[in-house]
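Chains as they are written, first to last, in this note's numbering: chain A, 1 to 221; chain B, 1 to 94; chain C, 1 to 554.
Please note that the accuracy of each hint is not assured.
[Claimed, not checked] Derived contacts from chain A toward chain C, CB cut-off under 8 Å, selection only:
#1 Gln22
#2 Ile33
#3 Phe34
#4 Leu35
#5 Phe41
#6 Ala48
#7 Thr50
#8 Gly136
To be clear, the hints were calculated from the coordinates, so they are not data collected in a lab. Where is the CB? At the ideal position from N, CA and C, for every residue including glycine.
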Amino acid sequence: MSRELPAAAASPLAHQFDDLPQQREADEMGMWIFLCTEIMFFGGLFLAYTIYRTQDEAAFAAASHELDLFWGTVNTAVLMTSSLTMALAGHAAEASRRKQTAFLLLATLVLGSVFIGIKGQEYYHKYLHGLMPLWGLPFEWQGTSRGHAELFFDLYFLMTGVHALHMLIGLGILVVLIVNASRGGLLGEFSAPIHITGLYWHFVDIVWVFLFPLLYLIGAH
Amino acid sequence: MPHKPSQVRVYGVVYVALLLLLALTVEAARHDLGHWNFVVAALIAAVKALLIALYFMHVRDSTSLIKLVVAAGLLWLCILFSLSLADYWTRAWL
Amino acid sequence: MTVISPSPSTAGPAPEQAPSRDYLSAGYTVRSWLVTTDHKRIAILYLLSITFFFMLGGLAATLVRLDLMTPQADLVQTETFNKLFTAHGVIMVFFFLIPSIPAVLGNFLVPLMLGARDLAFPRLNLLSWYVYVLGGLFTLYALLAGGVDTGWTFYAPYSSTYSNTYVMATAVGIFITGFSSILTGLNFIVTIHKMRAPGLTWFRLPLFIWSIYATSIIQVLGTPVLAISLFLVGMERLLGIGIFDPRLGGDPILFQHLFWFYSHPAVYIMILPSMGVVSEIIPCFCRKRPFGYAFIGFSSFAIAVFSFLVWGHHLFVSGQSVYAGMVFSILSYLVAIPSAVKVFNWTASLHKGSISFDTPMLYALGFVGLFTMGGLTGLFVAALAVDVHVHDTYFIVAHFHYIMVGGAVMGYLGGIHFWWPKMTGRLYPEGWARLSAILIFVGFNLTFFPQYILGYLGMPRRYHVYPAEFQVLNVMSSAGASILALGYFFPLTYLLWSLWYGKPASPNPWRAAGLEWQTASPPPTENFAETPVVVDEAYDYQRIDTLSHEGDAA
């Protein structure tokens, strides 16, 4: 399979590195360290959630019951599928398969966009039903423990919002990768950016894997 | 990367496992298991996360340095949780 | 350490370096500086930026100390006073101390000490400077637009609900700058792991590298939690989300947990690099190996890990559970142990050394004494009962200034002087430098020692007015501050002067150990003509002195 190499770079080796394995290891380590910072960033939110949930489990369960379990489940499946396509994209890139790589990256982008779309729909639904305690909008809660119910929704919007922000950043990076890959870049030994982005994308997926049960599955019975 | 053809297979198997676990966790949540609801949900989430990390993120094939970095991140999260909760969960003791 | 390297011998004075090859001469345009990926140039960019912020933070402190010369509120209005001490704290912590040694000396020296051509991610390094500048601009805007009066600690619910000052803009500025810290730490960790020269094993590394590594761990794992705490305050102000709002069942103390989870380790970000500097200076000016190299190295890691376990000692009187308080108190005692290990080892290093009192050594010795005092008072306040009495008083202010200024800043200045010849190719005037170091030491103690007494007697911190009986000590403190300011002004002047009129420096004017001294002063852009190969242990001063004596005799 022929590929068009950019005229200037005969090798992806940067000047500060001695060889490609060193560069690859450094890139990978760098991204993992960055993911550790993300663990701690989200960790603060998960801590707030844990504290407030253990203070009033029933209020959280009642509030969680208002979330749409069906769409939450669908979204989880969508995101996990995007992780699959992302992993496969990295595999295709390593094997220098241009069209396959571009297609799989595009699939990841589409699935990620579907996720955001569904999320947006859920947010809109909450707004319509007075369950969006932001910007001074009315919080219409009929049950008891109004305070903790409002806290639940605060955390819902914060945690899924911050998650969605990370998704959007990931989608932006994917666009850049797709453009590059469709032109024949990022293949073979040039495929590191796809693998590194994959690490980020899978991490965002893992965050959702924890968000889903914590937000959607408490009041499901 | 060794075993190139079966890498796709691995991804496929993990993906199916993830979907099955998703179905399992949703189903378990529909039943009232008392305190166990949380344990089950947390465990399933942990297994899913582990699968994604080990196979999609290749932690299983990574150097021990990478594994150390991952462990450090998780350990620090535990520090944040344990000492903060040491405050909240003992306030009522006084 | 001995280096086998094909490059020409750089042992003797060689002021006639080919001027077009050093990193300072590789391009004279502003653009060449603003798009550089050379770690040395980025270090200089940081040096200029943090010096600017240091002067700004110092100006705020000057106004505070001027007003505190009298018990009444007479220089500025109380609202302005609150904004001044907040500005001083925010600027000094986030825009001076946190970046200082890592961003300036770390950026400059880490690749050189490792025998590398650059850091692992040079473009990320440049990005981290731009991020720092962007955060700084946000914060400057907040200051100029009217300031923020919450104290640098931004406690909820005042910051999240009640203050009507520029909390958002400041929080955004600090949030952004936090990424600079994270990216710098990330860069250092990867570089130290992956880009050491052949033969440079872990236990041959300079202790400065150990310190920078430990600092980087804290930067990477702690700063994100600061980010989320500020983010949540911002969200509360912007969107009305009440995570810390008691009216919703939220807990303001949660903010303090999240904030101090970072901000306590942050103080170790500020002190560990200075300790690393001291660990380089003392062996050089005693002409012997540091005592207990491995212990000093491991103690850096111990400090980094333990620093994350003690944050609750800032919450002793906030409403935290007493049981948690006891746990945090014990842990706070434990964190002092690795610091003490360092102090003992530095002191033991002096024993039977051939000691000279050049300016870097003056700063290093000053550091050891003042850090010990500051650290000791830290142990006092780690005891719950004592802290109940002195929390939020000037005792605390004195405690942390002994460490931050008496420790960190003096370590920073010592490092700047020690590596000035390497960075600029010029020697600074030693006489003026020693005078300044002494002035700073005297001025510092006169400023802050009275504050211990004031605090113990009961003067609260962040107060604009105070009872008349405290005036004498306050005047002493302000007088000391003027001497301190003078002491800081001198290096600013003579270091600038030296750039044009200082004596040209040889590659190794201190005859120090370390790979950075095996290349020209200032170094060429690529650092080394060929990657050095390390065969000997670190700090082999006996060998260096023997060799240079043989060289003199020949």
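Hint-by-hint comparison with the structure:
Residue-level restraint check for Gln22/A holds (minimum Cβ-Cβ distance to chain C is 6 Å; threshold 8 Å). Proximity of Ile33/A to chain C holds as hinted, the smallest CB-CB distance being about 5 Å (cut-off 8 Å). Given the 8 Å rule on beta carbons, the hint for Phe34/A holds: about 6 Å separates it from the nearest Cβ of chain C. Restraint check, Leu35/A versus chain C: the minimum CB separation of about 11 Å is more than 8 Å; hint violated.
With 8 Å as the threshold, the beta carbon of Phe41/A comes within range of chain C, its nearest partner Cβ sitting at about 4 Å, so the hint holds. Hint on Ala48/A holds. Least Cβ distance to chain C is approximately 6 Å, under the 8 Å limit. The interface hint given for Thr50/A is broken, as the beta carbon of that residue sits about 11 Å from the closest beta carbon of chain C, more than 8 Å. Against a cut-off of 8 Å between C-beta atoms, the interface hint on Gly136/A holds, since the closest Cβ of chain C lies about 5 Å away.
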